[in-house]
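Q: Yeah, the sequence shown ends on 569 if you go by this note's numbering, and it's all consecutive.
Treat the hints with care, as some may be off.
[What the hints assert, rightly or not] Distance condition first, Cα-Cα at most 25 Å in a straight line; then the derived SDA-like pairs of lysine to any residue:
id	residue 1	residue 2
1	Lys350	Val403
2	Lys350	Val402
3	Lys350	Asp245
4	Lys350	Arg374
5	Lys350	Glu376
6	Lys350	Asp427
7	Lys350	Gln327
8	Lys350	Asp310
I should point out that these hints are in silico values taken from the structure, not numbers from a laboratory.
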Amino acid sequence: MRRARTLTAVLAVTGLLTACTTLPTNTEPQALRSFEPQVVEQTDLGPQPGQEPDLLLRDFYTASAHPVQDYQAARSFLSPEAAGRWNPSESVLVVNRIDLITQPGPTSEQRSFNVSGAVVGRIATGGSYEPENGLYEATVEMVRENGQWRISSLPPGVVLERTELRNQFQPQRIFFVGPTGNVLISDRRWIYSGQQSLDTALITLMMEGPSPTLAPAVNDILPPEATFAGVVDGAYHFTGFSGVDIEARRLFAAQLVWTLAVANVPEPYAVIADGAPLSPTYEQLTTDDFAEFNPLANTSTTAPLYALTDGVVTRVTANQVSPVEGQLGNLRDIESVDITSTGSVAAVRKEGSGQDSSVLLAGTIEDGLNEALRAETISRPTFEVDPQNQWVVVDGDTVVRVVYSGPSGEFTRSEVDSSELEGLDGDISVLRLSRSGARVAMIINGRVHVGVVNRVGPADKRIVNVRELAPQLGGTALSLDWQPDGSLIVGTSSPETPIWRVEQDGFAATSLPSGNITAPVVAVAATPSMIYLTDANAVLQLPTTGGDNVFWREVSGLQGVRSAPVVAN
Numbered sequence: 001m002r003r004a005r006t007l008t009a010v011l012a013v014t015g016l017l018t019a020c021t022t023l024p025t026n027t028e029p030q031a032l033r034s035f036e037p038q039v040v041e042q043t044d045l046g047p048q049p050g051q052e053p054d055l056l057l058r059d060f061y062t063a064s065a066h067p068v069q070d071y072q073a074a075r076s077f078l079s080p081e082a083a084g085r086w087n088p089s090e091s092v093l094v095v096n097r098i099d100l101i102t103q104p105g106p107t108s109e110q111r112s113f114n115v116s117g118a119v120v121g122r123i124a125t126g127g128s129y130e131p132e133n134g135l136y137e138a139t140v141e142m143v144r145e146n147g148q149w150r151i152s153s154l155p156p157g158v159v160l161e162r163t164e165l166r167n168q169f170q171p172q173r174i175f176f177v178g179p180t181g182n183v184l185i186s187d188r189r190w191i192y193s194g195q196q197s198l199d200t201a202l203i204t205l206m207m208e209g210p211s212p213t214l215a216p217a218v219n220d221i222l223p224p225e226a227t228f229a230g231v232v233d234g235a236y237h238f239t240g241f242s243g244v245d246i247e248a249r250r251l252f253a254a255q256l257v258w259t260l261a262v263a264n265v266p267e268p269y270a271v272i273a274d275g276a277p278l279s280p281t282y283e284q285l286t287t288d289d290f291a292e293f294n295p296l297a298n299t300s301t302t303a304p305l306y307a308l309t310d311g312v313v314t315r316v317t318a319n320q321v322s323p324v325e326g327q328l329g330n331l332r333d334i335e336s337v338d339i340t341s342t343g344s345v346a347a348v349r350k351e352g353s354g355q356d357s358s359v360l361l362a363g364t365i366e367d368g369l370n371e372a373l374r375a376e377t378i379s380r381p382t383f384e385v386d387p388q389n390q391w392v393v394v395d396g397d398t399v400v401r402v403v404y405s406g407p408s409g410e411f412t413r414s415e416v417d418s419s420e421l422e423g424l425d426g427d428i429s430v431l432r433l434s435r436s437g438a439r440v441a442m443i444i445n446g447r448v449h450v451g452v453v454n455r456v457g458p459a460d461k462r463i464v465n466v467r468e469l470a471p472q473l474g475g476t477a478l479s480l481d482w483q484p485d486g487s488l489i490v491g492t493s494s495p496e497t498p499i500w501r502v503e504q505d506g507f508a509a510t511s512l513p514s515g516n517i518t519a520p521v522v523a524v525a526a527t528p529s530m531i532y533l534t535d536a537n538a539v540l541q542l543p544t545t546g547g548d549n550v551f552w553r554e555v556s557g558l559q560g561v562r563s564a565p566v567v568a569n
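Please put together the full structure from these sequences, using the hints given.
A: So, in structure tokens, the structure goes:
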């Protein structure tokens with residue numbers, strides 16, 4: 001409901017219209033700078049005189065990536081009647097490639113083309129990307145009018161090649177407040193590069209709320225009447241905030257400031273709500289005012305590196321391996337471990353064989369570990385934002401949340417509702433929570449699946465909106481983890497493509513350099529500056545800014561040792 005109110009308010013303030021900055025073709029206006037005409041950069045994308053029909057049709061699909069003025073450039077390829085009928089807002093499909101085949105029976109005045117392509121996704125309202133798999137097939141008819149070919153009949157909607165979406169749109173991150181109110185969660189959107197007022201486009205989308213996929217994982221902190229009214233004298237104006245309390249204003253300011261800052265909109269930001277400063281404490285807002293919400297904190301710090309070798313956890317520092325202090329360093333037969341930057345630990349230890357032979361131990365490096373649960377098999381633990389809380393997969397199919405009470409050593413256990421996974425064949429071999437705790441990535445039967453975490457109650461969690469990413473891996477995935485920028489690093493059993501980067505929204509899956517990797521890749525980890533993996537021989541590393549470097553190097557201190565790297569986030 002807030003979306004319509006936002007747009008109405010924008011019109012009232014600006015009196016101007018502009019093109020939508022995101023796909024699909026929502027031609028309602030975006031927020032504008034008051035009394036400043038909107039200028040949208042666009043080159044001449046119309047048809048060329050005397051152009052052959054197949055070339056004209058290809059140029060039409062290229063022009064369809066420019067939504068300005070209700071797709072004026074794309075409509076110029078259509079006959080007047082077809083231009084009036086075409087509804088680009090029906091859908092926006094993304095295909096890997098557009099193929100054109102002339103159908104039988106062409107004449108000098110008419111052509112008919114079969115258009116096809118492998119569907120890899122679609123763009124939803126607000127610019128969020130949703131991966132899909134399928135085949136697009138359509139018939140497009142063309143006629144020659146006054147010596148020039150024009151499209152006379154085509155299906156509704158927009159079809160874009162993946163490369164054209166990448167060329168004409170830029171992914172941006174909009175932030176929303178998590179359920180606990182202490183973390184910001186990113187929502188990736190694709191925004192048209194020709195839009196010059198990026199700040200107002202981002203704010204408008206933020207006010208419209210999270211994408212449907214992410215919505216269950218975030219809190220809506222504003223009432224429906226809260227609207228963005230535009231920019232006046234450099235200040236961002238909002239209305240409908242009379243019922244918003246101080247805490248909600250603080251959270252709203254945090255998500256607003258970080259949404260703009262991450263998009264490189266210069267700070268400080270003047271924010272006016274109902275004619276007065278949003279916060280009585282600050283006339284202008286900066287990221288320093290909300291440093292505790294910094295979503296880039298993990299990308300600007302050096303995370304400690306540990307290694308799990310032959311059941312023993314060690315610390316890797318200054319090119320050498322040193323023992324971990326306390327109980328953790330003395331334990332043997334550890335199968336998997338996760339460690340946070342604050343020293344919280346969750347480790348799975350094997351004790352013999354049988355029904356309860358796997359033991360989850362949790363605690364801290366300083367205070368020691370206590371037994372949390374037993375089962376036949378327990379997956380590698382993964383932490384929520386609060387390091388007192390961990391998730392594991394028990395016996396391949398039950399997701400369990402374990403809450404550690406601290407020095408008393410008491411634990412509470414609850415099953416996470418994973419009923420949405422029941423239609424998927426195979427066990428959950430890997431489960432990793434994102435650094436915000438809002439998303440969960442899993443390997444099920446060698447395939448990568450991602451869902452969002454819905455907080456049903458204080459202790460009740462549910463995995464929802466599950467979808468497969470990177471289907472081209474074809475069941476070869478063995479290991480995965482989140483990178484600080486929100487993407488996934490995935491290790492596989494494929495000798496040709498053993499290591500991949502997968503974008504958060506599934507838009508792209510890219511095979512990383514693998515010149516000296518010997519599959520299988522059984523463990524992966526990442527810091528802001530380095531990617532680590534364990535292949536068939538050793539622990540290897542590659543800088544994230546490696547440029548043309550295609551060779552991975554052994555980790556200093558772990559040469560000749562096959563360990564599992566553990567990054568303490």
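Q: If a hint holds in the structure, say so; if it doesn't, say that too.
A: Hints and how they fare:
1. Proposed proximity of lysine 350 and valine 403 is supported: the alpha carbons are some 21 Å apart, at most 25 Å.
2. Our distance criterion of 25 Å between C-alpha atoms is met by lysine 350 and valine 402, whose separation comes to about 18 Å.
3. With a CA separation close to 51 Å, the supplied pair lysine 350 and aspartate 245 exceeds the 25 Å bound.
4. Taken as a hint, the lysine 350 and arginine 374 pair is honoured in the structure, with Cα atoms around 10 Å apart against an allowance of 25 Å.
5. About 9 Å separates the Cα atoms of lysine 350 and glutamate 376, which keeps this hinted pair within 25 Å; it holds.
6. Note on lysine 350 and aspartate 427: the hinted pairing holds, with a Cα-Cα distance of about 20 Å set against a maximum of 25 Å.
7. Distance restraint check for lysine 350 and glutamine 327: the Cα-Cα separation of roughly 16 Å lies within the 25 Å cut-off, and the hinted pair is therefore satisfied.
8. Restraint check: the Cα-Cα separation between lysine 350 and aspartate 310 comes to about 12 Å, which is no more than 25 Å; the hinted pair holds.
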